[in-house]
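> Between the sequences and the hints, there should be enough to build the whole structure, so can you do that?
Number of protein chains: 2
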Amino acid sequence: MSDSYNVVGIGNAIVDVITTAEDAFLETHGMAKGSMTLVDETRAEALYTAMGNTTMTSGGSAGNTIAGIASLGGRTAYIGKVHDDVLGTAFRHDITAVGATFRTPPTTSGPTTARCLIFVTPDAQRTMHTYLGACVTLGPADVDAELVAAAQVTYLEGYLYDEPHAKEAFHKAADIAHAAGRKVALSLSDAFCVNRHRDAFLALVDHHVDIVFANESEIEALFETDRIETATERIRAMTDLAAITRDARGSIVVSADSVIEVPSVHVEHVVDTTGAGDLYAAGFLYALTTGASHRACAELGSAAAADIIAHVGARPQSPLARLLASV
Amino acid sequence: MSDSYNVVGIGNAIVDVITTAEDAFLETHGMAKGSMTLVDETRAEALYTAMGNTTMTSGGSAGNTIAGIASLGGRTAYIGKVHDDVLGTAFRHDITAVGATFRTPPTTSGPTTARCLIFVTPDAQRTMHTYLGACVTLGPADVDAELVAAAQVTYLEGYLYDEPHAKEAFHKAADIAHAAGRKVALSLSDAFCVNRHRDAFLALVDHHVDIVFANESEIEALFETDRIETATERIRAMTDLAAITRDARGSIVVSADSVIEVPSVHVEHVVDTTGAGDLYAAGFLYALTTGASHRACAELGSAAAADIIAHVGARPQSPLARLLASV
Chain A
1 MSDSYNVVGI GNAIVDVITT AEDAFLETHG MAKGSMTLVD ETRAEALYTA MGNTTMTSGG
61 SAGNTIAGIA SLGGRTAYIG KVHDDVLGTA FRHDITAVGA TFRTPPTTSG PTTARCLIFV
121 TPDAQRTMHT YLGACVTLGP ADVDAELVAA AQVTYLEGYL YDEPHAKEAF HKAADIAHAA
181 GRKVALSLSD AFCVNRHRDA FLALVDHHVD IVFANESEIE ALFETDRIET ATERIRAMTD
241 LAAITRDARG SIVVSADSVI EVPSVHVEHV VDTTGAGDLY AAGFLYALTT GASHRACAEL
301 GSAAAADIIA HVGARPQSPL ARLLASV
Chain B
1 MSDSYNVVGI GNAIVDVITT AEDAFLETHG MAKGSMTLVD ETRAEALYTA MGNTTMTSGG
61 SAGNTIAGIA SLGGRTAYIG KVHDDVLGTA FRHDITAVGA TFRTPPTTSG PTTARCLIFV
121 TPDAQRTMHT YLGACVTLGP ADVDAELVAA AQVTYLEGYL YDEPHAKEAF HKAADIAHAA
181 GRKVALSLSD AFCVNRHRDA FLALVDHHVD IVFANESEIE ALFETDRIET ATERIRAMTD
241 LAAITRDARG SIVVSADSVI EVPSVHVEHV VDTTGAGDLY AAGFLYALTT GASHRACAEL
301 GSAAAADIIA HVGARPQSPL ARLLASV
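These protein sequence lines are chains A and B, in that order.
Residue 213 in our numbering is what sits at position 213 of the first sequence, and the numbering runs on without skipping anything.
Residue 166 in our numbering is what sits at position 166 of the second sequence, and the numbering runs on without skipping anything.
Treat the hints with care, as some may be off.
The list treats identical chains as one, so a pair stands whether inside a single copy or across any two.
Stated by the list, open to error - Once the Cα atoms are required to be at most 25 Å apart in a straight line, the calculated SDA-like pairs of lysine to any residue come out as: (1) K33 with H93; (2) K167 with A145; (3) K172 with N195; (4) K33 with R322; (5) K33 with P319; (6) K33 with A180; (7) K33 with A97; (8) K33 with S318; (9) K33 with V98; (10) K172 with H269; (11) K172 with T89; (12) K33 with V271; (13) K33 with P111; (14) K167 with P263.
Simulated from the structure, these hints should not be mistaken for laboratory data.
So, in structure tokens, the structure goes:
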């Protein structure tokens with residue numbers, strides 16, 4: 001079997017529309033700070049009208065991770081659904097421009113390309129409102145068996161579980177990956193998302209996933225505990241490997257053999273935390289699929305996350321391969 | 001006469017498509033570093049395909065200046081031509097979101113909204129390729145007499161001279177402004193642009209413009225000299241007021257009474273110089289139209305320019321009004 005790809009990602013293909021906002025703005029519009037809220041197109045349009053000056057750039061959690069791995073020098077592919085419109089064209093351009101294979105056909109009717117309206121507050125926290133648009137049409141037929149079988153790791157974005165056919169797509173991808181002797185990774189994405197799909201996530205993690213990415217609140221939400229030690233032990237019993245991110249406090253890598261704590265990389269001026277988790281996963285998976293130790297995986301994850309939070313937007317602005325010399 | 005607006009700007013309504021690139025990329029594609037090159041849609045599409053990961057944000061020289069003045073707290077209006085498409089909608093959103101009045105009707109047939117493909121090299125220099133699209137349809141009929149008469153300063157973007165009807169539009173705007181006892185400002189925009197339209201610019205500056213913004217190479221191109229002292233004396237004889245920017249060396253404010261040199265504001269890490277001149281003009285004109293001294297105008301111009309070059313993109317990412325306390 002040939003290792004054509006380090007990682008193939010499956011996720012919501014989204015264009016981020018980013019603005020800065022004061023905390024008072026979030027309160028006025030009834031937004032839960034730091035969360036990701038799903039909205040319909042009407043609400044998305046209303047919020048867009050209320051937004052200040054915007055920057056548009058391709059996003060989507062798994063898309064950001066795949067772009068990050070490609071930027072580090074990894075071979076990647078992406079599966080996700082855009083519409084054949086201006087934003088869909090921009091999404092396709094951006095992910096292929098960094099070298100990822102992206103051959104999921106766009107939709108030509110129905111909802112437009114997904115947008116995520118992101119409000120960055122002065123503390124660099126991001127609050128997101130997502131209109132899923134064309135993403136909801138992703139189904140098992142879009143899982144490209146050849147890509148999945150050719151990738152060392154198939155990376156699934158938890159957010160995708162908000163879509164009707166995602167579960168089938170996930171199971172199909174996991175089955176293909178395992179049949180080819182590959183690994184399956186899952187990002188829990190968001191604590192609210194975990195709450196919406198807890199039972200399904202638990203079953204998925206227990207039976208179909210080898211590597212879990214989560215932040216503290218997500219892993220605690222999964223196991224309905226407020227003790228990180230409890231969550232760590234529970235996830236350790238369920239999967240081969242888990243990486244739990246804790247913002248500035250670094251990350252914990254949990255495996256059968258060990259529990260390793262790795263510090264974060266200091267950032268002088270944090271501008272926008274959007275994509276921090278996605279880029280941590282990028283650094284981690286690039287290192288993992290090039291044979292690095294668990295500690296080195298977490299270190300490269302931290303370095304990639306540090307890079308992304310120093311500027312607005314969740315995709316690297318310059319090649320991340322320069323980080324490889326520093327870790 | 002009521003001062004409804006500090007400044008009304010007339011310019012090319014453009015969406016910037018920004019990426020980072022190595023110097024070798026510019027060489028491979030035959031690009032003149034630091035310049036603005038006009039391209040047709042076919043060439044724009046080919047360059048877009050060759051670009052890395054992109055960020056899209058509203059731009060256009062006068063648009064950036066107007067957004068900057070609005071961000072400082074000034075009352076502004078903008079005249080420019082977009083198409084009724086996704087990028088046109090984004091441009092309209094962004095400039096009105098900061099509070100500017102923008103009522104130029106969009107085109108509904110013909111070319112699409114203009115794009116400027118911007119390549120930012122590791123030295124933070126920007127190299128631009130512009131597809132003017134719908135901008136070329138701007139003409140004298142779009143000059144809103146009511147807006148122009150109600151603005152203390154009408155600000156004209158030199159780049160607009162690349163369009164067929166711009167000269168007529170400029171003259172109409174200048175005549176309306178002067179008849180209402182207002183001032184007319186012109187940005188020379190780009191040395192290549194000055195070379196393309198030197199005679200027309202000289203006549204315009206000599207007879208219709210009160211305030212000139214230029215960088216060193218633009219003002220030297222206008223007077224076909226390589227001595228800044230010569231250019232300074234020539235412009236002094238032609239206009240009431242000129243501000244000449246010199247990158248990190250600060251700016252020179254030239255008037256009948258005095259020639260003042262004002263230092264730049266130090267920026268620790270310059271990321272992208274796109275919009276530096278536009279935001280200098282924003283700070284300068286906001287200060288000028290609120291009664292500040294020429295020195296204070298240049299100081300606020302330098303502070304606004306320093307803000308914009310510390311991040312990617314030529315529009316403020318957070319309100320510039322905070323700068324008012326520092327100068």
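> Indicate which option fits the pair K33, P111 if close means a Cα-Cα distance not exceeding 25 Å: within, between, both or neither.
Neither: 27 Å inside a chain and 41 Å across chains, both beyond 25 Å.
> Within, between, both or neither: how does the pair K33, V271 come out at a Cα-Cα threshold of 25 Å?
So K33 and V271 pass the 25 Å test inside one copy only (16 Å; across, 29 Å).
> Regarding K167 and A145, is the shortest C-alpha distance of 25 Å or less found within a copy, between copies, in both, or in neither?
within (16 Å within a copy, 60 Å between copies)
> Given identical chains, is K33 near V98, meaning Cα to Cα at most 25 Å, within a copy, between copies, both, or neither?
between (31 Å within a copy, 23 Å between copies)
> Treating 25 Å as the Cα threshold, decide for K33 and P319: within, between, both or neither.
Answer is between: at 20 Å across copies they meet the 25 Å cutoff, but 31 Å inside does not.
> Under a CA distance limit of 25 Å, which applies to K172 and N195: within one copy, between copies, both, or neither?
Within one copy, since 23 Å is at most 25 Å while 62 Å is not.
> With 25 Å as the alpha-carbon cut-off, assign the pair K33 and A97 to within, between, both or neither.
Classified as between: cross-chain Cα gap 22 Å, same-chain 32 Å, threshold 25 Å.
> Classify it for me, K33 with S318: is the Cα-Cα distance of at most 25 Å met within a copy, between copies, both or neither?
between (29 Å within a copy, 18 Å between copies)
> Indicate which option fits the pair K33, A180 if close means a Cα-Cα distance not exceeding 25 Å: within, between, both or neither.
Close neither inside one copy (41 Å) nor across copies (49 Å); limit 25 Å.
> With 25 Å as the alpha-carbon cut-off, assign the pair K33 and R322 to within, between, both or neither.
between (33 Å within a copy, 24 Å between copies)
> Between copies, within a copy, both or neither: which fits K172 and T89 at Cα up to 25 Å?
Neither: 27 Å inside a copy, 40 Å across copies.
> Reference check for the pair K33 and H93, CA-CA at most 25 Å: within, between, both, or neither?
Between copies, since 24 Å is at most 25 Å while 31 Å is not.
Hint check: violations occur at hints 6, 10, 11, 13, 14; the rest are consistent with the structure.
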